[in-house]
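Chains as they are written, first to last, in the numbering used here: chain X, 1 to 163; chain L, 164 to 326; chain P, 327 to 489; chain C, 490 to 652.
By construction, these hints were calculated from the structure, which means they are not laboratory data.
Please note: incorrect hints may appear among the correct ones.
Cβ pair distances, simulated, as ranges [what the hints assert, rightly or not]:
#, chain 1, residue 1, chain 2, residue 2, range
1, P, Glu480, X, Asp78, 47 to 53 Å
2, L, Glu203, X, Glu6, 23 to 29 Å
3, P, Asp347, L, Ser168, 29 to 35 Å
Where is the CB? At the ideal position from N, CA and C, for every residue including glycine.
4 protein chains.
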Amino acid sequence: MQRRSEGERPLRIAVSGAGADTCDPHLEQLGEEVGALLAENGAIVICGGLGGVMEGVARGAASRGGISVGFLPGSDADAANPYITLPIASGLGEARNVLVARSGDALIAIGGEWGTLSEVSLAMKIGVPVVLLAPARTGDLGLPVAASPREAVETALRSARGR
Amino acid sequence: MQRRSEGERPLRIAVSGAGADTCDPHLEQLGEEVGALLAENGAIVICGGLGGVMEGVARGAASRGGISVGFLPGSDADAANPYITLPIASGLGEARNVLVARSGDALIAIGGEWGTLSEVSLAMKIGVPVVLLAPARTGDLGLPVAASPREAVETALRSARGR
Amino acid sequence: MQRRSEGERPLRIAVSGAGADTCDPHLEQLGEEVGALLAENGAIVICGGLGGVMEGVARGAASRGGISVGFLPGSDADAANPYITLPIASGLGEARNVLVARSGDALIAIGGEWGTLSEVSLAMKIGVPVVLLAPARTGDLGLPVAASPREAVETALRSARGR
Amino acid sequence: MQRRSEGERPLRIAVSGAGADTCDPHLEQLGEEVGALLAENGAIVICGGLGGVMEGVARGAASRGGISVGFLPGSDADAANPYITLPIASGLGEARNVLVARSGDALIAIGGEWGTLSEVSLAMKIGVPVVLLAPARTGDLGLPVAASPREAVETALRSARGR
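Looking at chain X on its own, in the form it has when it is part of the complex (with noise of 0.2 Å):
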């Protein structure tokens, strides 16, 4: 039976970006590159449970048979994307960002309007590393800017290994 300290688990990684109503279709592809680049190398994937960058996210890592999770902002499972593994109904709001900015060891965040540029600074304050990627209101926090989706994973896995 397996047994063990927080160093030896998979590692978790939260990825940040725009819901379905605000996302750019690209944003959403590079959420799934990042999806199964995380999945290959054995990291859960923690996201926000719903549509864009989170289900480009949750559907990357499912095409790779990984597991995400997805920190809903109301009460119910059926509103998670269909590629989520485990959907969390907080019912909590807008204060499910901080189970997304604090429950990963590090944090990949992809374009970005207020919801992902609150779960990065959230990040940021509670001391959660940070990576962006086609950043947008983002991009002015003097934050490390990965170049591609292999770019964002390898940063953040080397991150979260080094907390």
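Following the hints, put chains L, P and C in place on chain X, whose structure we already have.
The following block gives chains L, P and C in isolation, referenced to the frame of chain X:
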């Protein structure tokens, strides 16, 4: 690639019970049997991630290759017991009890002092079906009481499927 | 200018009880007497901000020029009953019960179904003293039961000062 | 007895800014002026309850006999600065930022590092109007910047009334 509506996902069953400081070893043993039976039935186990009943149920799940989620009150994933697959360091304090109460398709409460009673009453308020095993403070609430771990798991799975 | 340590601030007393949909008018009346007595004693009233007992207690406080805080589950301050001085639209859903349970120096529970029971058990878990008035589901918990609104308020104020 | 619809209650204005450890004394002074002006205009001040800008704004409000609410991250009301009228020991950790961002009718952000940026972005996501004063990390967001405490307060009150 797996694409699933909520009805096709694995059931998620929450298990509530005393932490290590107040937990009778017999209750932890009941937790282990419940965790093992849930994993055998393909359910994901949700709990508070700490010791006592929470450790028992996670150990039981791990003994059958199952997955357990631990919603920790604090901000350090290292506080999770060593059998938890996915620790969520919520940082929400006692408000993490709401996540335990809400995010399962049913709740099994084993023994139980004030924390367990809070999760049982939150689940009932929210509409998550509850079954008790070896009830303590929860014994006068008119809720179904199971005679064994097996009966508790069967009742919980049946209620969860009926939601 | 007023500069105060915590011990010099007005006491904050939380009052818990059924909402409008399940509330016996007699309980709302008890709430009104409790709210009036708390305000007469200079305490700030904390409650869940909605109808039933919550409206009674806020109305009682307002009748004596007192202050009441209402922690609403939703995101709309308009949902507060008209006697609440300070509505807090928490958006946290049932997790707002933790704010009610935690932020008073003592908790008076009037009648009470599942929501009230959750606040009582959270308060006991956290270490906030509790007194019951006209207990319902809370009646078998071994907690102090007051015979009248006056006794409930006196007990709560005494417990709050003794923390 | 006062009976009020939401539109007849005092406005609630949230003020966000650095805590004591990272706060420039000039920003705390700006906070004090903002707090005083809000109280003169009859608004209730909402903040995070700790030091730095949060203490400045509460001190300013107290200097004019105003009311301030402090949403503390921890579980001890004693952690509030001595000018806070109503400390709320949320125990929610950084998730208390959501309460600051959501429960005002408008948000004034003074200076500001990651915590402030999180409250600004949560407010924008939720739809609470924001005005900046002496912006730091928040400066590139395209949000209205006030030239003085007076202008910040006037803008916030106007936006709050317009909601």
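Point to revise | Contradicted hints - numbers only | key: Of the numbered hints given earlier, the structure breaks none, since each of them holds.
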